[in-house]
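My request is simple: use the sequences and hints to build the entire structure.
Which chain is which? The protein sequence lines are R and S, in order. With the working numbering applied, the first sequence corresponds to residues 1 to 340, in that order. With the working numbering applied, the second sequence corresponds to residues 1 to 439, in that order.
Calculated directly from the structure, the hints in this document are not laboratory data. Any given hint might turn out to be false.
Think about it this way: if two alpha-carbon atoms lie no more than 25 Å apart in a straight line, the pair counts; the simulated SDA-like pairs of lysine to any residue are [as the list claims (entries may be wrong)]: (1) R:K339 / S:A196; (2) R:K5 / S:P279; (3) R:K339 / S:L217; (4) R:K339 / S:P244; (5) R:K339 / S:V215; (6) R:K5 / S:P410; (7) R:K339 / S:T188; (8) S:K36 / S:V215; (9) S:K206 / R:D335; (10) R:K5 / S:G300.
With the C-beta cut set under 10 Å, the calculated list includes, among others, these residues of chain R facing chain S [to be verified]: (11) I7; (12) T11; (13) G17; (14) T19; (15) A63; (16) D247; (17) P248; (18) V269; (19) T270; (20) L273; (21) S274; (22) Y319; (23) R322; (24) P326; (25) I329.
Even glycine gets a Cβ: it sits at the ideal position worked out from N, Cα and C.
One letter stands for each residue in the lines below.
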Amino acid sequence: MNDNKLIVASTPFLRNGETAHCLMFDALLAALPAALCAIYYFGLRSLAVMLAGMLAAAVTEAAVQILFKCRSFNYRDFAFSFFTREEITVMDGSAVVTGLLLAFTLPPGVPLWVPIVGAVFGVVVAKHLFGGLGYNIFNPALAGRAFLLAAWPAPMTAWQAPVCRASGPAIDAISSATPLGALALDGQTTPLVQLLLGSVGGSLGETSALALMLGAAYLLYKRTITWHAPLGMLGTMALLCLALGHDPLFHLCAGGAMLGAFFMATDPVTSPLSPAGRIIFGCGAGIITMVIRLYGAYPEGVCYALLIMNSLSPLIDRYTSRTVRPGEIGVPLVDTLTKK
Amino acid sequence: MDGLWPTFMRRSRSPVSDGRTTVPAAACAHMPVPEKVVLPLQDLPEDSCEVLVTTGEHVLAGQQIGTMGIRPHYLAVHAPFSGTVTAVEQRIHEAGGERHVLAVEIAAAPEQKSAPAVPLSQFSGDRLMFLRDMGVPLDFDALVTARSLMVNCTEFEPTISTRAAIIMNHAEAFAGGLRHLMAATGHTEITLLVHAAERELGARLKAIADRVRGVRLTAVARAWPDTLQPLMSFRQRLSGQAAPAVIVGPGQVFAVYEALELGQPYIRQLVSIAGSAVPAPQTVWLHAGTPLVEILRRAGVSFPFAGRVALGGPMMGGPRYSLEAGIGKKVRGLFAAAGFILPDERKSRFYQSCACIRCGKCVEVCPAGITPIAVVEQVKFHDLNRSLECGLLSCLECGLCAYVCPSQLPLVEIIKLGKLQTRGRESLLIFNIFKTLSS
Ligand code: SF4
Ligand code: SF4
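And the structure:
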């Protein structure tokens, strides 16, 4: 009677359609305002830096996956293999995000080999040596930047003043200090309006707080990121500033605080899973950032703060995930209603 | 290349997060009398049961043909129509597995005659005993021992709307059922749970709560999955402490009304039939024990096309590999999807599962408050003690974590596997919500 064969598949049959690819695309889209600001203030040169970073990261990831991950890759039929092999996941866009975020942390006038070297280091060492997307401990973009800063400090600290392209072509880049550098050197503070709009010296993507907040609003709306880590980080920084007698708004808007809080601290792979863990992660990053900024040798500390917290996030995960005593079963839906 | 371009709208966290008002305007239709029905008398081959008919015997609609279990822990089974008993033998049980259980097959007679209704006044036992005798599938032990009584009027499955249909079309009977349930169980209060976003349903329930003494209405922010009740029974068995609440559904409340007020046994049930293989999704009254294949045929499902069938809905249903068994008393939905993956199910290389990117979305949506990916990792490592510590047994098998996971991981499948490995079927809630006589 039962001549028709049925497929036995486990429910749920429904998915909401979110993919890792969508999350990465969202991050790129959210970074767009900041990228446009960079082009506006620092000229087309910055576009070249960003493209170099993105391209280098994507090509490196594809090469690593073709050479080391995909056993069955057929070089004769390159395009077909490239698009059909499951192991080749470069199309998910995570490498492109890495390359762009890395470029965001570089000074506008760097030689083009700098973003390339940084992206290759980030993708190969920080990501694929640990097992690829989902397994890396450190944020590849930050790891790339830390490596560049340690190996080639000179090009990494050659800041230039923004060139407003509306006022005629730039003849020569004028060197200038970043707001945080100026504060550390001679105690100058930069007006808040300039920090919000981004007409200050600094890394490509970090100067305009407004553009970054616009991107962050999109990410928060799409639920690509949650508010926990950014709020923890920025809130802690503001509180520390108040307690130590500094201007909190200046410290939030200057340097990489916004970029770090909204785009790096919310990197899913390297931050904790649970909301509580994310708040702890953000607070830790905020404290370390302020300590480096106020007492350290570097004027800026977001990058190292986040890398240090990255290394702690498995530990944070371990102590914040809910555990159940053996033999006990939690039914929070009912328990909260019946306790009232 | 579907999945390459993301939408700019945000993705939902649950298929029913926005609340629905898909309430049928008219009363639900009855499906015509099927050729035959198959009524199982056991849930598991080792369960006890009692058969009151023999092959060849003629039965009337509503006549008792046997019991699942034995006194005092039993549930009567009735013939849904008049006809002839054609077989009393081992059949595949609809609640899953390769298990064969004793079942009674009845072929319909051309003329329908009902057995006389037995009112409560002619019954010697108490009301709960009467409900057992009328075959109403309730969790009788929990009804007496639990500290409070709740009626879950939220609908977790996106394709099922039997609850709204009962409340909107049979409000009087529903209210009467609530009174009877309080009288039968000794509870002085009933809490009705309604999804805060379902305004129309909420207004109707508010009117009932205002009218019936002891009934309170509570709006909840999310739909509650049906597996809560088996989970609480399971917890009660493990810990020995009384459960904080027992949850029944409006369909059961309606059946209580029909039994206690009209003396009618439980021989029909409201079922929503939906899925990509069903041309016209519908909510209809079915005769108890109608074979699944018959139900689907009459709903217009054509067979080589339908390939995946689940009892319940697409989120928490129990997948079937045989359609010969009769529909069980507790089933409220039947989901039939196409045998191949339709474009709207978005099969492309971006929808293949990849490594967990630790986005935390599964943690955000889990109604059990556990970390699904942590449980899954421990199950994969075969570390069963650690997986219990992570809350393996608290999982409601609701499917939300797999629904939102951007890495397309089969989280629920692995969690169910872990449950089978640790404690066996008794903790598999998907299995337990379709078990007729809850232990
Ligand atoms: S939703 Fe999926 S990808 Fe995200 S943390 Fe959970 S298992 Fe990992
Ligand atoms: S872990 Fe269980 S209860 Fe939590 S979302 Fe997944 S299926 Fe639902």
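Practice task
Enumerate the violated hints, using their earlier numbering and listing them in ascending order.
Solution key: Violated hints (numbers, rising): 8, 15, 16, 17, 22; every other hint is consistent with the structure.
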